[in-house]
Amino acid sequence: METLVAVVVVAFLLFTINHSHCFNHHRRSQLQRNSLCAELIQPSGYPCTEHTVETKDGYLLGLQRVSSSHGGGDKNAKPTGPPVLLQHGLFMAGDAWFLNSNEQSLGFILADHGFDVWVGNVRGTHWSHGHTTLSVRDKDFWDWSWQELALYDLAEMINFVYSTTNSKIFFVGHSQGTIMALAAFTQPEIVDMVEAAALLCPISYLGHISSQFVLRLVGMHLDQMLIAMGIHQLNFRSDFSVRIMDSICDDEHMDCSNLLTSITGVLFSFPNCVFIFFASVLSLRFTVWIEHKSWYDNPKQFILPSY
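The opening position of the sequence shown corresponds to residue 1 in this note's numbering, with each subsequent residue numbered one higher.
No lab work stands behind these hints: they were computed from the structure.
On a predicted model such as this, the values are computed, not experimentally measured, just so you know.
Hints may be right or wrong, so weigh each one.
Stated by the list, open to error - Label-pair distances were calculated between CB atoms; the ranges are:
no., residue 1, residue 2, range
1, G230, H113, 39 to 49 angstroms
2, L215, Q104, 32 to 42 angstroms
3, S69, R216, 43 to 53 angstroms
We put the CB at the ideal spot given by N, CA and C, even for glycine.
Using the sequences and the hints, build the whole thing.
Here's what the structure looks like:
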């Protein structure tokens, strides 16, 4: 199995180097062209407005505001409830909250119950808007990790929502969104703007991970390999990546019927939290989910955090 992992990683790295220019060009055009409101939320009958938040280090984050569909499509209709900020997890973006049916997507459910729904997108994701001076082709564009997501991205988004609504916010985070919150909440000025937080599949320390697949990658220092080879952006949606996963699943030692648990490991005797989250999304709208997942990501996000 270890040999298989090594072969997969090397093949992926070589392919990424050869095709990085094409990926970056494609990514840049998408950032400028697409809108989460126009592509996914408004077609479902919900008023939605786009906002841009600039971080202290120059990243332009996409932030969407969603209202109830019961307002007759009036984009100026004001929600009656308090603001709630939804923050996505790793390899995801703000659309993660809207991929199921209206009755089974948290973003739509909260909006229909009167909440003032705000959807966060961190730097480098599909629905954010690049940087004030850097191109996605620049190495420095990808020079960040968990710390910046928490102390810059989430802090600025919380401040923007609080300033716009003049009300303390409710926060809902999933996976990576939870570790961002735990780190951001170490700042008293951020805590003062938050009414309460719900952490779905929360993570903090990763030393307990039991997945042999992940442990082998960590032992190979995958993040350092990628950075040393000049790879600062990963494309998990390429045809090559799909073929690699097919090859892995053909191996008799890999059980792809529970692939997410193979990667994240099983915690105690409970079913894997991440698997449950994805299963709920995949249950009804697989074609929609596969069209939107996964977005590009930064190799430095694989570095274990120190919070």
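Practice task
Could you tell me which of the numbered hints above are not met by this structure, giving the numbers in increasing order?
Solution key: none
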